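Asks: If you want the building blocks of each chain, they are given just below.
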Amino acid sequence: MGKTPAPSRKVMQMSDDVMAEIHRDYLFNLVLKGERDDGRAFDEFRDISIETGVAGMAEGSALVTLGDTQILVGIKIQPGEPFPDTPDVGVLITNTELIPMASPEYEAGPPREAAIEIARVVDRGIRESKAIDLEKLCMVKGEKVWIIFIDIHVLNNGGNIIDAASIGSIAALLNTTLPAERYGLGEDSPLPVRDIPVAVTAIEFGGELLLDPSLEEGKLAGTVFTVITNSDGSISGMQKSGIEPLTIEQAMRVVDMAGTAAAKIREKFLEV
Amino acid sequence: MSEKPEHFIVDGKRLDGRSVNELRPVKIELSPLDRADGSCYLEWGRNKIMAAVYGPRELHPRHRQNMTKAVVQYRYNMAAFSVDERIRPGHSRRSIEISKVGRDAFEYVIFTKFFPKTAIDIFIEVLQADAGTRTAGINAASLALADAGIPMRGLVSACAVGKVDGEIVLDLMKEEDNFGEADVPIAMTAGGKITHLQMDGNLTKEEFYEALKLAKIGCDKVYKLQRQALIEKYSKECAGNGEDASPEPEGDADE
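If you're matching them up, the sequences are chains A and B in order. The first sequence lines up with residues 1 to 272 when you count with the numbering used here. The second sequence lines up with residues 273 to 527 when you count with the numbering used here.
No lab work stands behind these hints: they were computed from the structure. Just so we're clear, the structure is a prediction, and the values are computed from it rather than from any experiment. Be a bit skeptical, because a hint or two may be false.
Footprint (simulated), chain A over chain B, 3 or more residues, beta carbon under 8 Å [said to hold, decoys possible]:
hint, region
1, 371-383
2, 490-500
Here are the simulated lysine-lysine pairs, DSS-like style, with alpha carbons at most 25 Å apart [to be verified]:
hint, chain 1, residue 1, chain 2, residue 2
3, B, K341, A, K219
4, B, K385, B, K372
5, A, K219, A, K33
6, B, K372, A, K264
7, B, K477, B, K299
8, A, K130, B, K477
9, B, K508, A, K219
10, A, K219, B, K372
11, A, K130, B, K488
12, A, K33, A, K76
13, B, K446, B, K505
14, A, K264, A, K130
15, B, K485, A, K141
16, B, K477, B, K496
17, B, K276, A, K144
18, B, K385, A, K130
19, B, K488, B, K299
20, B, K276, B, K341
21, B, K389, A, K219
22, B, K276, A, K136
23, B, K477, A, K268
Positions of the beta carbon are idealized from the N, C-alpha and C atoms, including for glycine.
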């Protein structure tokens, strides 16, 4: 609407990879001095905002911004059949859509590797923390259970989608209603959520560990390591990706940093 | 699915008689496949895994070629009959994720810069699954790469650690994987650099640190088995040519 994007943004849209590569030495030298491009400390997250209830037709929803990253998470719930091997528990399905709107790099089509990995890591945190009591979502054993769909819609990729998606998912679940009335199954009630898992992602760059990588930092990172921490400080999920290795000491340090960062995020944004 | 056992560890012994830091029996056969450039058949407990490597070979379509290095491709696949309930053949979300992190586990050790514009293809077929197939797959892939003569910094060795009955144990078997409290698959170089790490379940920070230490012990054991298998095979090749077959002293090639 008449607004001209800043030149750097315009160039960014040509190729994130190329721009990141051009900035590699600059960012590397900053890290050696203990600094980051946007002035953050190594263990500091970008600004977070969460707005819940933004998608009125969904049973729960949350719009999360993490720096430039914007993600809308919607929860839909419907009755259905359980999986044959787990007849007495509800079903949790997590999906991520990296829609072409979110980045010039994304293309339309079924979820590919990157989207599947994000969805599976977020799913791991929520499932393994037992944040949702899936056993309570069984209505008739082997026949009828509640199926919870978490759909993660990335609107703008400004880096570190996993953490934003994790925060968005749990924020949306905390705001979700079980739609029993619609299906003639009793009264609506809030979805019981027992824990608040939070994913925190670190990258290794220039020998340092940086939390909440920006888009460029993420592009340059050889190692991306996500740790999902629960309210009691225990860990419910981890995922290392990227082509560079991690030392045992680095893995231990990330776990420590992630626990502290997750506790802060939980306290500030997610505790009811 | 079987029922959850009441106890996983009785008098220091696990359900299959192993101690907490013991691997399942491992059997390795190198070059079982004729067409592939390198291959390995691995039995790990009741897991049966076939790994094959092709390459470096020209990568198609051309636009996927990298002008500065080889592209590593990793395909983890489970045979439809490898588990109790038949699984639909082809990719699943699980196999896509395992393939991705499997590829990541090898990018560091393979000297990809030596082979620009090519592909190095790693194929893993799980023929019989009994918990720990991704780590067994990585171990087999590592040997298939060596068998194919792909230049590497060193082997990658993998094992899972987990928690059952509140104790950290090495190499989860099926029951421990299904009903245990945590599962942490890890791959390392001989020098202890982590190239693969996932975790699900519930662990405290301290338990995770303990798990990492046990994983290092486990990966060291696996490395010895892998190394032994390579020496045995290529000693025979050397002996056939009347050459000296004495192996080099052990060392961390990747440091």
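Asks: A separate judgement is required for each hint: does it hold in the structure or not?
Replies: Here is what the structure says about each hint:
Three residues within the 8 Å Cβ limit are the bar, and the region 371-383 of chain B against chain A gives 6, so the coverage statement holds. With a cut-off of 8 Å between beta carbons, the region 490-500 of chain B has 0 residues touching chain A; three or more are needed, and the interface restraint is violated. Between the alpha carbons of K341/B and K219/A the distance comes to roughly 18 Å, so the proposed pair stays at or under 25 Å and holds. This hinted pair checks out: K385/B and K372/B have alpha carbons roughly 20 Å apart, not beyond 25 Å.
Using a Cα cut-off of 25 Å, the hinted pair K219/A and K33/A holds, with the two alpha carbons roughly 20 Å apart. A distance of roughly 31 Å separates the Cα atoms of K372/B and K264/A; the hinted pair therefore is violated under the 25 Å criterion. The straight-line distance between the Cα atoms of K477/B and K299/B is roughly 34 Å, outside the 25 Å bound, and the hint therefore fails. With a C-alpha separation of about 18 Å, the suggested pair K130/A and K477/B falls inside the 25 Å cut-off, and the hint holds.
For the hint linking K508/B to K219/A, the alpha-carbon distance of about 46 Å lies beyond 25 Å, and the restraint is violated. At most 25 Å may separate the alpha-carbon atoms for a hinted pair to count; K219/A and K372/B meet this at roughly 17 Å. With a CA separation close to 29 Å, the supplied pair K130/A and K488/B exceeds the 25 Å bound. Restraint check: the Cα-Cα separation between K33/A and K76/A comes to about 47 Å, which exceeds 25 Å; the hinted pair is violated.
Restraint check: the Cα-Cα separation between K446/B and K505/B comes to about 31 Å, which exceeds 25 Å; the hinted pair is violated. For the hint linking K264/A to K130/A, the alpha-carbon distance of about 21 Å falls within 25 Å, and the restraint holds. Of the pairs offered as hints, the one joining K485/B and K141/A is violated, with about 42 Å between alpha carbons and a cut-off of 25 Å exceeded. Simply put, K477/B and K496/B have alpha-carbon atoms about 29 Å apart, too far for the 25 Å limit, and the pair is violated.
With a C-alpha separation of about 24 Å, the suggested pairing of K276/B with K144/A holds against the 25 Å cut-off. A C-alpha spacing of about 44 Å is found between K385/B and K130/A, which places the hinted pair above 25 Å, so the restraint is violated. For the suggested pair K488/B and K299/B, the alpha carbons sit about 20 Å apart, so the restraint of at most 25 Å is met. Pair hint K276/B plus K341/B does not hold up; C-alpha atoms about 48 Å apart against a cutoff of 25 Å.
The hinted pair formed by K389/B and K219/A meets the criterion: a straight-line CA distance of about 22 Å does not exceed 25 Å. Restraint check for K276/B and K136/A: satisfied, since their Cα atoms lie roughly 20 Å apart, inside the 25 Å limit. The straight-line distance between the Cα atoms of K477/B and K268/A is roughly 22 Å, inside the 25 Å bound, and the hint therefore holds.
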